[in-house]
Amino acid sequence: MGSGVNGMEGGGLDESLAELRQTFRSGKTRTASWRKSQLKALLRLIHENEDKIFEALKHDLGKHAVEAYRDELGVVEKSANNSLSCLDEWMAPKKSKLPLLFFPASAQVLPEPLGLVLILTSWNFPISMALDPVIGAISAGNSVVLKPSEQAPACSSLLAHTIPLYLDSKAIKVIEGGKEISQQLLEQKWDKIFFTGSSSVARIVMSAAAKHLTPVTLELGGKCPVIYDHLSSPSDTEVAVKRIVGGKWGPCNGQACIGVDYVLVEEKYASQAIEMLKKTIKKFYGENPEQLQNISRIVNEHHFQRLRNLIKDPLVADSIVHGGLIDEEKLFIEPTILLDPPLDADIMTEEIFGPLLPIITLKNIEESIEFINSRPKPLALYAFTKNEAFKRRILSETSSGSVTFNDIMVQFLCDTLPFGGVGESGFGSYHGKYSFDNFSHGKAVLQRYFFLELEPRFPPWNDFKMNFIRLAYKFDYLGLILLLLGLSRD
Amino acid sequence: MGTLSVNLLHFCSVDGGYTRSLRNQFPKKRNLLLPIPVLNKQKRLQFAHSSFICSAALAVMPDEIKKVFDIESAASLMKELRGSFNSGKTKSYEWRITQLKGIEKMIDEREKEILEALRKDLSKPEAEAFMSEISMTKGACKSALKELSHWMKPKKAKTSITTYPSSAEIMSEPLGVVLIISPWNFPFCQLLSVDPVIGAIAAGNAVVLKPSEIAPAASNLLSKLFEEYLDNSSIRVVEGAVPETTALLEQKWDKIFYTGSSRVGRIIMAAAAKHLTPITLELGGKCPVVVDSNVNLQVAVRRIIAGKWACNDGQACVAPDYIITTKDFAPKLIDVMRHELEEFFGKNPMESEDMSRIVSVQHFKRLTNLLDEDNVSDKIIFGGQRDENRLKIAPTVLLDVPEDTEIMREEIFGPLLPILTVEKLEESFNVINSKPKPLAAYLFSENKQLHKDFVNNISAGGMLINDTILHLTVSSLPFGGVGESGMGSYHGKFSFDTFSHKKAVLCRGFGGESSARYPPYTPRKLKLLKTLNSGNILSILLALLGFSKD
Numbered sequence: 001m002g003s004g005v006n007g008m009e010g011g012g013l014d015e016s017l018a019e020l021r022q023t024f025r026s027g028k029t030r031t032a033s034w035r036k037s038q039l040k041a042l043l044r045l046i047h048e049n050e051d052k053i054f055e056a057l058k059h060d061l062g063k064h065a066v067e068a069y070r071d072e073l074g075v076v077e078k079s080a081n082n083s084l085s086c087l088d089e090w091m092a093p094k095k096s097k098l099p100l101l102f103f104p105a106s107a108q109v110l111p112e113p114l115g116l117v118l119i120l121t122s123w124n125f126p127i128s129m130a131l132d133p134v135i136g137a138i139s140a141g142n143s144v145v146l147k148p149s150e151q152a153p154a155c156s157s158l159l160a161h162t163i164p165l166y167l168d169s170k171a172i173k174v175i176e177g178g179k180e181i182s183q184q185l186l187e188q189k190w191d192k193i194f195f196t197g198s199s200s201v202a203r204i205v206m207s208a209a210a211k212h213l214t215p216v217t218l219e220l221g222g223k224c225p226v227i228y229d230h231l232s233s234p235s236d237t238e239v240a241v242k243r244i245v246g247g248k249w250g251p252c253n254g255q256a257c258i259g260v261d262y263v264l265v266e267e268k269y270a271s272q273a274i275e276m277l278k279k280t281i282k283k284f285y286g287e288n289p290e291q292l293q294n295i296s297r298i299v300n301e302h303h304f305q306r307l308r309n310l311i312k313d314p315l316v317a318d319s320i321v322h323g324g325l326i327d328e329e330k331l332f333i334e335p336t337i338l339l340d341p342p343l344d345a346d347i348m349t350e351e352i353f354g355p356l357l358p359i360i361t362l363k364n365i366e367e368s369i370e371f372i373n374s375r376p377k378p379l380a381l382y383a384f385t386k387n388e389a390f391k392r393r394i395l396s397e398t399s400s401g402s403v404t405f406n407d408i409m410v411q412f413l414c415d416t417l418p419f420g421g422v423g424e425s426g427f428g429s430y431h432g433k434y435s436f437d438n439f440s441h442g443k444a445v446l447q448r449y450f451f452l453e454l455e456p457r458f459p460p461w462n463d464f465k466m467n468f469i470r471l472a473y474k475f476d477y478l479g480l481i482l483l484l485l486g487l488s489r490d
Numbered sequence: 001m002g003t004l005s006v007n008l009l010h011f012c013s014v015d016g017g018y019t020r021s022l023r024n025q026f027p028k029k030r031n032l033l034l035p036i037p038v039l040n041k042q043k044r045l046q047f048a049h050s051s052f053i054c055s056a057a058l059a060v061m062p063d064e065i066k067k068v069f070d071i072e073s074a075a076s077l078m079k080e081l082r083g084s085f086n087s088g089k090t091k092s093y094e095w096r097i098t099q100l101k102g103i104e105k106m107i108d109e110r111e112k113e114i115l116e117a118l119r120k121d122l123s124k125p126e127a128e129a130f131m132s133e134i135s136m137t138k139g140a141c142k143s144a145l146k147e148l149s150h151w152m153k154p155k156k157a158k159t160s161i162t163t164y165p166s167s168a169e170i171m172s173e174p175l176g177v178v179l180i181i182s183p184w185n186f187p188f189c190q191l192l193s194v195d196p197v198i199g200a201i202a203a204g205n206a207v208v209l210k211p212s213e214i215a216p217a218a219s220n221l222l223s224k225l226f227e228e229y230l231d232n233s234s235i236r237v238v239e240g241a242v243p244e245t246t247a248l249l250e251q252k253w254d255k256i257f258y259t260g261s262s263r264v265g266r267i268i269m270a271a272a273a274k275h276l277t278p279i280t281l282e283l284g285g286k287c288p289v290v291v292d293s294n295v296n297l298q299v300a301v302r303r304i305i306a307g308k309w310a311c312n313d314g315q316a317c318v319a320p321d322y323i324i325t326t327k328d329f330a331p332k333l334i335d336v337m338r339h340e341l342e343e344f345f346g347k348n349p350m351e352s353e354d355m356s357r358i359v360s361v362q363h364f365k366r367l368t369n370l371l372d373e374d375n376v377s378d379k380i381i382f383g384g385q386r387d388e389n390r391l392k393i394a395p396t397v398l399l400d401v402p403e404d405t406e407i408m409r410e411e412i413f414g415p416l417l418p419i420l421t422v423e424k425l426e427e428s429f430n431v432i433n434s435k436p437k438p439l440a441a442y443l444f445s446e447n448k449q450l451h452k453d454f455v456n457n458i459s460a461g462g463m464l465i466n467d468t469i470l471h472l473t474v475s476s477l478p479f480g481g482v483g484e485s486g487m488g489s490y491h492g493k494f495s496f497d498t499f500s501h502k503k504a505v506l507c508r509g510f511g512g513e514s515s516a517r518y519p520p521y522t523p524r525k526l527k528l529l530k531t532l533n534s535g536n537i538l539s540i541l542l543a544l545l546g547f548s549k550d
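Chains as they are written, first to last, in my numbering: chain E, 1 to 490; chain R, 1 to 550.
In isolation and in its complexed conformation, chain E is listed as follows (with noise of 0.2 angstroms):
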């Protein structure tokens, strides 16, 4: 894989940030018709490159073509056109209100780009995961720098090979490159920095971040739990373990920061549970567990290494009631149950980020509060119930990034919805117009006129404009005519 800036023949990186800000200084970023420009252009560099698109999905993730365009092609295909829908409106100063003792004046809230901005992506939705945010970005009016992750090498390269095509290269540009690259990137500095990834890259993105005071977005993962209660009716059940199954092996087989990572279900409904979770499964991806369809694999050796070790441990192993098949060749992991492993193990204190579904039962469904809050908190959190107080309860005493009632991962799609997590799971959030605000600044801006002078603001002091300022603080106008009339209602 090599390492290079797109667009730029020959040029360091220097020269190109160099570009990028000189860009940015030009103002022409900022105008609502680059922006529109390049977000249609964005579109259409979907549009016309969907196949190789498709291409390389399959070859870094062996993503079906329907689940690359749910996950993928969809997600930015929506945010582009909700962006330019909505774009004038959000570009939109807002006024706000001022009390009546500022008079004559105006007040406010301009949205403003922060300047070039840095977008480090993962490489688990490799187009959707890196283009989302660029669009945030773009609509905000910055110029960009990508990096997409090196571990989806295929769509790193198909985006740092079309993008200059299709986008304003003067001021959007694509940096390949591993951890070194990242290291460079992160020594400079950026007005912003958007991180998707791992919580451990994030401390080190964020520490960076502290020596240019640049602010940081920070899209981490975490062990997002469901919670499994039990539905009467058998066609809610069936929805809900559908929705399940879709949720944890449908997204790149697991590997989503909002992925399910782990089950809680009440003892007595457990063995129903699993044997409906295996009846989907077979549904869904077929039969012969070794000739899966629809399913994507592991996206390398580094990664499948690590979910092996996390079934290696014998009690793990011993937990295991559906799949566990491995091929080592094709970096392929069957959609595997686990009910009850121990809760010490590593499968369940780190984040999965695979086909493995652990089970845990409790007596008592409502214990899923205590045992989520026991734990970091989780990006989404999703619960299958229709107990109208057990939902308000979760709300109101669990946190997370997101909850979602019976459903997994929807939320993902809802623009009007902030994504972003919280504790553990990150900071910062986007889609719709928070990807907006979040590359923009909100700049106060108040106006006051020259006529209409208070005196008592000014020195020297005395107790007349002590008293007036106590007045005018408490808005108390009557108060203040009084005063300036020489009167005193005591």
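Do not rely on the hints blindly, as some may be mistaken.
[As the list claims (entries may be wrong)] Lysine to aspartate or glutamate pairs mimicking EDC-like chemistry, simulated, CA-CA at most 16 angstroms apart:
(1) R:K502 / E:E397
(2) E:K28 / R:D453
(3) E:K465 / R:E126
(4) R:K530 / E:D437
(5) R:K274 / E:E424
(6) R:K530 / E:E77
(7) R:K379 / R:D354
(8) E:K465 / R:E104
(9) R:K527 / E:D51
(10) E:K391 / R:E104
(11) R:K89 / E:E397
(12) R:K435 / R:E406
(13) E:K189 / R:E484
(14) R:K527 / E:E50
(15) R:K142 / R:E104
(16) E:K465 / R:E353
(17) R:K527 / E:E77
(18) R:K502 / E:D437
(19) R:K120 / R:D354
(20) R:K91 / E:E397
(21) E:K433 / R:E169
(22) R:K153 / R:E126
If you are wondering where the hints come from, they were derived from the structure by calculation, not from laboratory data.
Keeping the supplied structure of chain E fixed, place chain R upon it in accordance with the hints.
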């Protein structure tokens, strides 16, 4: 041990309200705990069990107790506060309201002591202290009390066809245990100490406030008053300097809110990175004032003076740092400024009671060093008098100081005001943009086009046209920096948001199941997903029926 009991007694006898409020807030059990450290003759104070006594003693004998506050005490303090937070009590609307009312009451009842502390630390004139500290905090408290139920209510969000049928909302939840590190320039109330505390409480967090040690009287008083008026199981003051702050920063906080210098801002952010703690940094910067020649000069100058010397003697993060005006206009500006300064502070400003002093010897030296640099000292138009004993420097105006001097590179944070001149006012944009982004930028002009250009071409935390510093009293505007002047914002609802996590909540029903989401995947499913994504209802219906518009 003797000193401890003496201090305890001393504290109780000095302040009758202490025991009373204690009884009110904590029934018998807490009273029993009170004398434990004394009776047990423990050598070291246990923060976790005797917070009352510990911080009570802090107010009386900071030096001795300060040594006690190390990483271990910070950890046990954190453990205690986390326990309170986890109990869920700070999340309730009632708790938040009670605490906010406590702050309101504290300010009402103890205004005199607060003003006294500010006079001790900064010789702050009463009216100024009232204007910039007390009243603002009261205002913030009032608006939080009034708006809280509205702020806490989840906001509905629209859902799209992709997730139909569903409903969505955004819920504000507290972050957890937060640390607020505040500066010395507005040590008490204003924005800088109590104002963020109001935001943190309103959002339902447990709070530790670390006031600046450079304003010791205010720090002391805050520690004393917080203990008396607020719920100490969830809200604490830790006094101290670098070692205490370092001990605090070792802990895992759920948010750190820091106001101060960008140098320390970097240290705070690096420490926060270890625990992935989100931060808000309220820093400063060189806030420029651009003055056009078409303005009502008297009004403009008075407003500049109000923001510079009548607001903590220039020791404010939003204080005008330097002026840019045209070459021709500068002499007029200087004349009016000289005249108005005399109106405000008299013929001899060194004797004026209406101006704060420099906070410490260290800062006094820093400022006089700025003035004494070659190429600077000969640029003084008026002022320049200094009195190290009283830590006073006269309002000093300088003309056309070279850009490469310290005074033009560093934030001045004091009563010195350089005036730069340009041929055409538009050139001021380049001057400002060549420096790090300031927290505030000011323009005085009657020219509408210039207003527009100024707002569009200059990046700053906030902007105020035809006045100075007033924008920070507007609670409907976010107050915060950008670039070198910081990140994150607060005031009013923005404070609440700064200390909240916006949790996305999506509720789905079990109906409306689309098989296209699930494997086995087919070309038809791909087509359906594409049309679903387009949001075109007709196409979706056609696709579902197996037709196509193409």
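Tested hints:
Distance check on the hinted pair: R:K502 and E:E397 sit about 15 angstroms apart at the alpha-carbon level, within 16 angstroms; holds. A C-alpha spacing of about 15 angstroms is found between E:K28 and R:D453, which places the hinted pair at or below 16 angstroms, so the restraint holds. Between E:K465 and R:E126 the CA atoms are separated by roughly 11 angstroms; this keeps the pair inside 16 angstroms, and the hint holds. For the given pair, R:K530 sits about 28 angstroms from E:D437 by alpha-carbon distance, which is inconsistent with the 16 angstroms threshold.
Proximity of R:K274 to E:E424 is assessed by CA-CA distance (about 11 angstroms); at most 16 angstroms being required, the pair is judged to hold. For the hint linking R:K530 to E:E77, the alpha-carbon distance of about 10 angstroms falls within 16 angstroms, and the restraint holds. Proposed proximity of R:K379 and R:D354 is contradicted: the alpha carbons are some 26 angstroms apart, above 16 angstroms. For the hint linking E:K465 to R:E104, the alpha-carbon distance of about 23 angstroms lies beyond 16 angstroms, and the restraint is violated.
Restraint check for R:K527 and E:D51: the C-alpha separation of about 14 angstroms stays at or below 16 angstroms, so the hint holds. Of the pairs offered as hints, the one joining E:K391 and R:E104 is violated, with about 36 angstroms between alpha carbons and a cut-off of 16 angstroms exceeded. In summary, the hint linking R:K89 to E:E397 is supported, as the alpha carbons are separated by about 11 angstroms, within the 16 angstroms threshold. For the hint pairing R:K435 with R:E406, the CA-to-CA distance comes to about 13 angstroms; that is within 16 angstroms, so the pair holds.
A C-alpha spacing of about 11 angstroms is found between E:K189 and R:E484, which places the hinted pair at or below 16 angstroms, so the restraint holds. For a cut-off of 16 angstroms, the pair hint linking R:K527 to E:E50 stands: about 13 angstroms separates their Cα positions. As the CA atoms of R:K142 and R:E104 are separated by approximately 8 angstroms, the hinted pair is consistent with the 16 angstroms bound. Of the pairs offered as hints, the one joining E:K465 and R:E353 holds, with about 15 angstroms between alpha carbons and a cut-off of 16 angstroms not exceeded.
A hinted pair counts as satisfied when its Cα atoms are at most 16 angstroms apart, and R:K527 with E:E77 qualifies at roughly 14 angstroms. Restraint check: the Cα-Cα separation between R:K502 and E:D437 comes to about 14 angstroms, which is no more than 16 angstroms; the hinted pair holds. About 14 angstroms separates the Cα atoms of R:K120 and R:D354, which keeps this hinted pair within 16 angstroms; it holds. The hinted pair formed by R:K91 and E:E397 meets the criterion: a straight-line CA distance of about 9 angstroms does not exceed 16 angstroms.
With a CA separation close to 15 angstroms, the supplied pair E:K433 and R:E169 stays within the 16 angstroms bound. The straight-line distance between the Cα atoms of R:K153 and R:E126 is roughly 39 angstroms, outside the 16 angstroms bound, and the hint therefore fails.
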